[in-house]
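Undergrad: Protein chains in written order, with this note's numbering: chain A, 1 to 322; chain B, 1 to 326.
Among the hints, a few may not be true.
[Stated by the list, open to error] No farther apart than 16 Å at their CA atoms in a straight line, the calculated lysine to aspartate or glutamate pairs in the EDC-like style are these:
hint, chain 1, residue 1, chain 2, residue 2
1, A, 142, B, 240
2, A, 70, A, 10
3, B, 200, A, 268
4, A, 265, B, 240
5, B, 43, B, 7
6, B, 89, B, 174
7, B, 129, B, 119
8, A, 265, B, 242
9, B, 43, B, 240
10, B, 135, B, 174
11, A, 70, A, 26
12, A, 92, A, 124
[Unchecked claim] Footprint (simulated), chain B over chain A, 3 or more residues, beta carbon under 8 Å:
hint, region
13, 7 to 18
14, 177 to 190
Simulated from the structure, these hints should not be mistaken for laboratory data.
Backbone N, C-alpha and C fix where the C-beta goes; we use that ideal spot for every residue, glycine too.
The chain contents come next:
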Amino acid sequence: MNNPVIQVEDLRTSFFTRIGEVKAVDGISFSVNEGETFGIVGESGCGKSVTGLSLLRLLPEPAGQIVGGKIILEGKNILELSKTQMRAYRGKIISMILQDPMSSLNPCYTIGDQIGESVKLHQDLPDNMVEPEVISSLRLLKIPAPEVRLKEFPFQLSGGMRQRVVGSIAMSCRPRVLIADEPTTALDATIQAQYLALFDDIQVKTNVALIFITHDFGVVSRICDRVGVMYAGKFVETAPTREIFKAPKHPYTVALISSVPRLDKKDERLFSIEGQPPSLLNLPPGCRFATRCSQVMAICKEQEPPEIKISENHSVYCWRVK
Amino acid sequence: MPEVLLEGRDLVKHYPVTRGLLQRTVGWVRAVDGVSFSLEQGKTLAIVGESGAGKTTVAKALLLLEKLTSGSILFHGNDLSKFSATRLKKEYRPKVSTVQQNPWSSMNPRMRIRDVIGESLFVNTKLSKKEVYAKAATLLEKVGIGAESLPRFPHEFSGGQRQRIVVARSMALDPDLTILDEPVSALDVSIRAQIMNLLKDLQTQKNLAYIVIAHNLATVRYMSHSVAIMYLGQIVEYGETETLFANPLHPYTRALISASQLTLPEEGEQTTTKQIILTGEMPSPLNPPSGCRFHTRCSEASDKCSKEIPEVKTVGTQQVMCHHYK
Numbered sequence: 001m002n003n004p005v006i007q008v009e010d011l012r013t014s015f016f017t018r019i020g021e022v023k024a025v026d027g028i029s030f031s032v033n034e035g036e037t038f039g040i041v042g043e044s045g046c047g048k049s050v051t052g053l054s055l056l057r058l059l060p061e062p063a064g065q066i067v068g069g070k071i072i073l074e075g076k077n078i079l080e081l082s083k084t085q086m087r088a089y090r091g092k093i094i095s096m097i098l099q100d101p102m103s104s105l106n107p108c109y110t111i112g113d114q115i116g117e118s119v120k121l122h123q124d125l126p127d128n129m130v131e132p133e134v135i136s137s138l139r140l141l142k143i144p145a146p147e148v149r150l151k152e153f154p155f156q157l158s159g160g161m162r163q164r165v166v167g168s169i170a171m172s173c174r175p176r177v178l179i180a181d182e183p184t185t186a187l188d189a190t191i192q193a194q195y196l197a198l199f200d201d202i203q204v205k206t207n208v209a210l211i212f213i214t215h216d217f218g219v220v221s222r223i224c225d226r227v228g229v230m231y232a233g234k235f236v237e238t239a240p241t242r243e244i245f246k247a248p249k250h251p252y253t254v255a256l257i258s259s260v261p262r263l264d265k266k267d268e269r270l271f272s273i274e275g276q277p278p279s280l281l282n283l284p285p286g287c288r289f290a291t292r293c294s295q296v297m298a299i300c301k302e303q304e305p306p307e308i309k310i311s312e313n314h315s316v317y318c319w320r321v322k
Numbered sequence: 001m002p003e004v005l006l007e008g009r010d011l012v013k014h015y016p017v018t019r020g021l022l023q024r025t026v027g028w029v030r031a032v033d034g035v036s037f038s039l040e041q042g043k044t045l046a047i048v049g050e051s052g053a054g055k056t057t058v059a060k061a062l063l064l065l066e067k068l069t070s071g072s073i074l075f076h077g078n079d080l081s082k083f084s085a086t087r088l089k090k091e092y093r094p095k096v097s098t099v100q101q102n103p104w105s106s107m108n109p110r111m112r113i114r115d116v117i118g119e120s121l122f123v124n125t126k127l128s129k130k131e132v133y134a135k136a137a138t139l140l141e142k143v144g145i146g147a148e149s150l151p152r153f154p155h156e157f158s159g160g161q162r163q164r165i166v167v168a169r170s171m172a173l174d175p176d177l178t179i180l181d182e183p184v185s186a187l188d189v190s191i192r193a194q195i196m197n198l199l200k201d202l203q204t205q206k207n208l209a210y211i212v213i214a215h216n217l218a219t220v221r222y223m224s225h226s227v228a229i230m231y232l233g234q235i236v237e238y239g240e241t242e243t244l245f246a247n248p249l250h251p252y253t254r255a256l257i258s259a260s261q262l263t264l265p266e267e268g269e270q271t272t273t274k275q276i277i278l279t280g281e282m283p284s285p286l287n288p289p290s291g292c293r294f295h296t297r298c299s300e301a302s303d304k305c306s307k308e309i310p311e312v313k314t315v316g317t318q319q320v321m322c323h324h325y326k
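Take these sequences, add in the hints, and give me the full structure.
TA: Structure, rendered in structure tokens:
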């Protein structure tokens, strides 16, 4: 079981803009095992989506560049691959589901054509074998009546079904790693619950390593095994999901969890984090959360906190934690 | 008994579907189909539902942006349909304001903040420019933004600040009621709490009534005094927030609550009992199912549910539209 499919080491991604270098991802490391779900949680602008795009090397170049680190996929550092070599990986070994299904599907092609495209590209199949393959990946996402659906166009489907089709495309070549970037944010609550339940099933069937990017702790609690909390381009805490909820260590994690209203009890007043995340253009020295932290000390504003291991899987970056 | 501020009685909004050269009406989208509620001064009513449930149509009808097909809105006990245009302009419109979901699109990018906030004062009062700007400054300070921001433009602010400005604008005419259409769902998690707390503070200070349109149940529980759960244009359950969350009656409400709860992995540590996952999706309001509109997705549906339309029944303090309650 303890068999990392993807290992990310000290990944750094920057955007070079007219006004300077924006360090969107500034040194993050994690690994995900077969059949495991790793969640990346954070607010908008913290770099979680850029992390996802970096893993696929789909950054908007030339502005966005991976400036350091390693991404080891099946024992190979994919940052050393040429563009052509990378294309053979993308969609076959590592693939992605984006937030808005309507903009990730082409409105002019049928569902079958769009799923078939990646099947044809990556698998050496005779033409008459493509359709059964497409149908099996529609089945994997539990799309009812796949034989009928594959002749339909995206506009004929509901939001939840479209997102399933996007999932089928991503899973069509049975990749080892699947990155899901806020796949349920555009869906309604009951549809979201259906969609999340699908992932459990897919993982049992294919043993795919799932990287789940979200801002919603409810979603994290439902499907992630481990989670990394991101703030201003860095992880502040990584831990097994249960520990993050039961015993969060970093002040940002604590604040973030307690600022979300609970369904199971009535809060009199919500805790709120004052201020806003720092600009990634010129980051303050020391801990990035220092300006908003309620327990800030002198050292926090001077030096970056080291990684402190609380247990094998639980790390926190904070001067307060001993 | 506090005074009832606003009452909706059997609100109905059907949109015609037209086809062909002559635009013949070939069907009706039953966006809102018989919705009733009442709201007291200084209280919050939340309207919850998935997209397509008709919650925004209700909000639009209350803001008089949509003409109702039938039903009546009572404001301080007076039927709005009997108001003349002038009377509406004097007695209703200034008393009802709105905060919309997306603070990036709800302000004119070419207007300075002082004009964004002051616009309704220019239109509705006879205050001089100086007085309007002075009022705008106090409003801005009330929502936690310094008065020095008055001459700035919307693009100079972050999302949370913008939503504060929109809240300040909605308070400009001292309304009795503010309709909040998904006030925090476009904002970041850590900013949401700031805005929700601000809205609650303003409510206590000014004895404001809110109607909150939301799909996030936890937000609703935090913000509201009573809740209406909508499904396909109808209120399926209606009651006080705390009793409703403690004892949800309608199968749809139970599924919604289950879908929004935190569930931690590993046995023995779950905060919920078994999770309810609904099958299928919400049917089209163009052709709603016969009988109970929820029966196509309900796990407890019986024959009766698909044939007879359930009546609204009162169970304790809650009202529920389901055959399973007597």
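Undergrad: Check the structure against each numbered hint from earlier and tell me which ones fail, lowest number first.
TA: 1 and 13
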